[in-house]
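J.: Whenever a hint applies, use it, and build me the whole structure from the sequences.
2 protein chains.
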Amino acid sequence: MEWTREKRYLPYDKWDALTLLKLQSQAARSDYQLHYHIRPSSGLLNDPNGFSYYNGRWQVFYQSYPFGAVHGLKSWVHLSSRDLVHWENLGEAVLPDTPLDSHGAYSGSAKAVGDKLFLMYTGNVRDENWVRHSYQIGAWMDEKGQVSKLPEALIKAPDHVTEHFRDPQILEHGGKYYAILGAQDKASKSGKISLYRAEQLTGPWEDLGYVDLPDMGYMVECPNLVFVSGKPVFIFCPQGLDKNVADYQNVYPNMYWAGESFDFDMGHFETKQKAPVNLDEGFDVYASQAFNAPDGQAYLISWVGLPDMTYPSDSEGWANCLSQVKRLSLKHGRLVQKPVKAIKSLREAEEDFTGDLAFDAGAQSEIKLTVKRGQKGSLLLAADQAGQHGIKLRFKTGKHARLTVDRGECGQAVNADFGASRTVRLPAGEDLDLRIFMDHSLFEIFVNGGAAVITGRYFAPADQTFVKMDKGIDYRARTWRLKDM
Amino acid sequence: MEWTREKRYLPYDKWDALTLLKLQSQAARSDYQLHYHIRPSSGLLNDPNGFSYYNGRWQVFYQSYPFGAVHGLKSWVHLSSRDLVHWENLGEAVLPDTPLDSHGAYSGSAKAVGDKLFLMYTGNVRDENWVRHSYQIGAWMDEKGQVSKLPEALIKAPDHVTEHFRDPQILEHGGKYYAILGAQDKASKSGKISLYRAEQLTGPWEDLGYVDLPDMGYMVECPNLVFVSGKPVFIFCPQGLDKNVADYQNVYPNMYWAGESFDFDMGHFETKQKAPVNLDEGFDVYASQAFNAPDGQAYLISWVGLPDMTYPSDSEGWANCLSQVKRLSLKHGRLVQKPVKAIKSLREAEEDFTGDLAFDAGAQSEIKLTVKRGQKGSLLLAADQAGQHGIKLRFKTGKHARLTVDRGECGQAVNADFGASRTVRLPAGEDLDLRIFMDHSLFEIFVNGGAAVITGRYFAPADQTFVKMDKGIDYRARTWRLKDM
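Going down the list, the sequences are from chains A and B.
Positions 114 to 598 (our numbering) are the ones given, in order, by the first sequence.
Positions 114 to 598 (our numbering) are the ones given, in order, by the second sequence.
Calculated from the structure, these hints are not laboratory results.
Just so you know, not all the hints are guaranteed correct.
Identical chains blur together in the list; that is why a pair holds if it fits in one copy or across any two.
[Stated by the list, open to error] For lysine-lysine, the following DSBU-like pairs were computed, each having C-alpha atoms within a straight-line distance of at most 35 Å:
hint : residue 1 : residue 2
1    : K596      : K481
2    : K127      : K257
3    : K229      : K596
4    : K481      : K257
5    : K302      : K289
T.: Written out as structure tokens, the structure is:
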């Protein structure tokens, strides 16, 4: 089947229900399917949207194209949770069904106000010449999940940006509302973060120009501003960023910039950080969304998937997932990401190890591992029973300490043009602490208490669930099987 | 929207996907929706099918009509579980897509054979004059969930039955295969259980006539034969049964008949039981399916829903659920039904009570309650905060001991023509033990260790989650909030 433009933008009511039912069943039965992460019911999942706390529960949405593993006509699927771990899929919430979002209800954010949840998102419209127009749309969701869209766009693209103007994040500060958006400046064709202000969420919204960060490649997607221990941190996805500015290996990186203060009205970001830093050191994180919750913490959730890439599950009609939720903190100006406490509620069948480390972890597992300082060796995850073909973690914990994760020998190749390994530097001569989560086709490796996170997909045969470490390594390990969420 | 015959039998590929997505979301968001029972993704759920153990997991299917709360064109939706409590919905498995099941893939059973699961079910066909033809169809399901139907019917309706001939259960005995089916005898128009035998599951199947039970009304649906502690027990749904034979209040009952032995080849059932007995003493149990598992136990799962009835959730486009799984035993010739042990894995937030019993149990709860002997009083479940409008349990534990469950004051009326209360007799002068499960719109009350089970639906406002007992009753109570499955 060829995914023509016409096919990808076919309205949902022109698809037949049998096709959808078969896609849903096929996705549910996949050996690669995630069991404790948010995954698409069918088709393609991309950006997390509307990550928020409302009506006594955590809320998140994902960008959905239900009819195949391609970027087609997008909508929002809604999930809610009591604990940031167990998510209930409530189905479609924002459909592309108005003249302002006829070619996609694209990414946006949410903010609880009174007894409603306010959504602000990008309506994507293509005109008869297939020229893109983007509208920033407001909508109210009630406790029943009913969404009422405002009839007029809250923000139309200003003259100083191109058609690349999207992904609004709503913020509240000093009794006013602000929104930041990813933008491409029309004059310079460079990536910017646009800033808007309003007295009311429903507008009028005033253009305050760009945040005074340096230009970021040719476009910035999915900007977020979150306060971590009172410090502003911008999280965003620069496209076409010069690798001399900041090193990255993925097609587009997801990066952050931590600062000292942010002047909402002037758009001035005060920072000592010289350049953006990778948010995730792995292969597949993009479009992360962060927000400051009523509990005072900052939480982050990521799309595990990249634009313009393909994945082996595409042939099964579904693609991608969301990461687990990560709690943010800062240490020496660097972002630290930790699993939320409730992730422990998934644990069962705890096991401790001594001697040679070689065991069947199962397809859903958590492994806590400390490799003592001054060693060199490797650990295989998702290996076969013979201890081969796994994801290889090579570590040095002496001088020139580093950790390399290589997925190149494990199952099917995944976007190999962008390299099969990723390396993070480690503090020299210290113990290495790893907290590793495996979920069928996803690994999330928290390094040294979340100082780095290495996230990636892998697509190996279902029986590749073995863990094996080089003999003679001095370590401590504890592992758990994890339940379905 | 009128549910014409044409509409109800519209092929799934003539429905549009948007309608299905909206129905799925609407069902997921319903305040009445079940959270730890098997429920339809959308539309109508009826009989459990193919309850079995295969590929290291428990398997069950349900009869599905995905497009509304009506009996339309049926398919099988598949779920599997590691523990009989946490079920994973794998979507559509058997679609009505051949000339032998063009008007519905109706009920049937499953048996693991080698590395495949064999399904035997009724293909429903209506000819151009809307005359019904039923075919008993065989199919192999593999570990990936792929279903391959055999091209020819295994059993065509014999001359001695009418078009009402369905719901095959596969059994294995003495190296041969047997099947029992619900039948209407053509000559007498009475309800019968037909018996077939084969050397191979794929046939040929030999008609052995009827099991020598008395005639049961005008039709028997969903016959099951299960061995409990070595004794044969028939479980079935007689339609039009004379209430002088066995008392029942629902439109059609689900009943059982326990015996001493069953001669598979002669169809002779040796029993001391004089008449069939209600399987469930409540309002809404039908089409239960039981099987003998590899662990030596007999397990039962029930449709909670009745033919020809309507429910308040119909207006939300979905209807019905399955019961929790019940483990069967026999005591003094009577069937005893107990929750499976793993149901305890749902428990959280345990609480014990003394003094007046009045508390908020939450919408998902388990309550263990002992009412001491020699008392009279009542207990309200799903009451409002003022302790009104609940499901009323009236008990007497002295002489003429009995328990009455009255749902007539609790929320919307449910098939009130068939009575709002059900009463079970209790042993005189003994403590009354209740184990009560609540799941938003479902109650399951296990009386005296499962000697009786009282199951029913109720449709009250979402905040009616309070429990209240008459003051001065001598009792012991412990309660748990229950997690989602």
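J.: For every hint, state whether the structure bears it out.
T.: So, going through the hints one by one against the coordinates:
no., hint, result
1, K596 / K481, "both (17 Å within a copy, 27 Å between copies)"
2, K127 / K257, "both (27 Å within a copy, 29 Å between copies)"
3, K229 / K596, "both (33 Å within a copy, 26 Å between copies)"
4, K481 / K257, "between (40 Å within a copy, 32 Å between copies)"
5, K302 / K289, "within (30 Å within a copy, 77 Å between copies)"
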